[in-house]
Amino acid sequence: MKINPYLSFNGQCEAAFKFYEKCFGGRIVAKITFGEMPMAEQCAPMQREKIAHIRLVIGDQVLMGSDTPPEHYEAPKGTQVTLNIEAPEEADRVFNALADGATITMPIQKTFWAKRFGMLVDRFGTPWMINCEEAQR
Numbered sequence: 002m003k004i005n006p007y008l009s010f011n012g013q014c015e016a017a018f019k020f021y022e023k024c025f026g027g028r029i030v031a032k033i034t035f036g037e038m039p040m041a042e043q044c045a046p047m048q049r050e051k052i053a054h055i056r057l058v059i060g061d062q063v064l065m066g067s068d069t070p071p072e073h074y075e076a077p078k079g080t081q082v083t084l085n086i087e088a089p090e091e092a093d094r095v096f097n098a099l100a101d102g103a104t105i106t107m108p109i110q111k112t113f114w115a116k117r118f119g120m121l122v123d124r125f126g127t128p129w130m131i132n133c134e135e136a137q138r
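Its first residue numbered 2, the sequence shown is counted upward by one per residue in this note's numbering.
Careful, some of the hints might be misleading.
What the hints assert, rightly or not - Straight-line distance between alpha carbons at most 25 Å, and here's what the computed PhoX-like set of lysine-lysine pairs gives:
{"id": "1", "residue 1": "K116", "residue 2": "K19"}
{"id": "2", "residue 1": "K78", "residue 2": "K19"}
{"id": "3", "residue 1": "K3", "residue 2": "K23"}
{"id": "4", "residue 1": "K19", "residue 2": "K32"}
{"id": "5", "residue 1": "K3", "residue 2": "K19"}
Said to hold, decoys possible - Label-pair distances were calculated between CB atoms; the ranges are:
{"id": "6", "residue 1": "G60", "residue 2": "Q110", "range": "24 to 30 Å"}
{"id": "7", "residue 1": "P108", "residue 2": "I33", "range": "18 to 24 Å"}
{"id": "8", "residue 1": "Q43", "residue 2": "F113", "range": "21 to 27 Å"}
{"id": "9", "residue 1": "Q43", "residue 2": "Y7", "range": "29 to 35 Å"}
{"id": "10", "residue 1": "T112", "residue 2": "A31", "range": "33 to 39 Å"}
{"id": "11", "residue 1": "Q13", "residue 2": "A41", "range": "18 to 24 Å"}
{"id": "12", "residue 1": "E75", "residue 2": "W114", "range": "27 to 33 Å"}
{"id": "13", "residue 1": "S9", "residue 2": "E87", "range": "26 to 32 Å"}
In case anyone wonders, no lab produced these hints; they're calculated from the structure.
Glycine included, every Cβ here is placed at the ideal spot set by N, Cα and C.
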């Protein structure tokens, strides 16, 4: 079993996933707009260019998302996407890449459980935790 986060956006899904593709070194392997769907005519004209589904592959992991119609969009609350990264240098690199335009809620730093840990809300409104744990004893 794998658990794949599915992120919702208020019109910036494509820009967010192009940003994540660069930050994580992944590859967008699927993208469909509302205008490309069989029910495109049922969508508001402005919604047709928005993303109905996108899939980003990062190694053997998958991140998915879409643009939620504006009348149904709610900003994320009560959840965070956590990235567990083995190398402290890579944790710093990913954190700093995501930090471009972000609100940093905890700078990346050493903690009592991790070599590196930091939290931020990226410029698209997605909350992230970057974690590089100490070796288990």
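**Message:** Taking the Cβ atom of Q13 and the Cβ atom of A41, is their distance within the range 18 to 24 Å?
**Reply:** holds (21 Å)
**Item:** Outcome for the supplied range 26 to 32 Å, where the beta carbon pair is S9 and E87
**Value:** Holds, at about 29 Å.
**Satisfaction of the hinted span 24 to 30 Å by the C-beta atoms belonging to G60 and Q110** = 26 Å Cβ-Cβ, so the 24 to 30 Å window holds.
**Asked** Are K3 and K23 close enough, with their CA atoms no more than 25 Å apart?
**Response** The hint holds at about 23 Å.
**Item:** Agreement of K19 and K32 with the hint, judged by alpha carbon distance not exceeding 25 Å
**Value:** holds (11 Å)
**Asked** Keeping to a limit of 25 Å between CA atoms, is the pair of K3 and K19 held or broken?
**Response** It holds: about 23 Å lies between the C-alpha atoms, which stays within 25 Å.
**Request:** Could you tell me whether the CB distance from E75 to W114 stays inside 27 to 33 Å?
**Result:** With Cβ atoms ~31 Å apart, the hint holds.
**Message:** I want to verify a distance hint. Is the separation of the beta carbons of Q43 and Y7 within 29 to 35 Å?
**Reply:** Violated - the Cβ-Cβ distance for Q43 and Y7, about 22 Å, lies outside 29 to 35 Å.
**Message:** Holds or violated: the 33 to 39 Å window for the beta-carbon distance between T112 and A31?
**Reply:** Taking Cβ atoms as reference, T112 and A31 lie about 36 Å apart, which means the hint holds.
**Message:** What's the verdict on K78 and K19, does the C-alpha distance respect the 25 Å limit or exceed it?
**Reply:** holds (23 Å)
**Request:** Quickly compare the C-alpha distance for K116 and K19 to 25 Å and report which way the hint goes.
**Result:** violated (29 Å)
**Asked** Does the hinted range 21 to 27 Å hold for Q43 and F113 at CB?
**Response** violated (53 Å)
The structure is inconsistent with the numbered hints 1, 7, 8, 9, although it conforms to all the rest.
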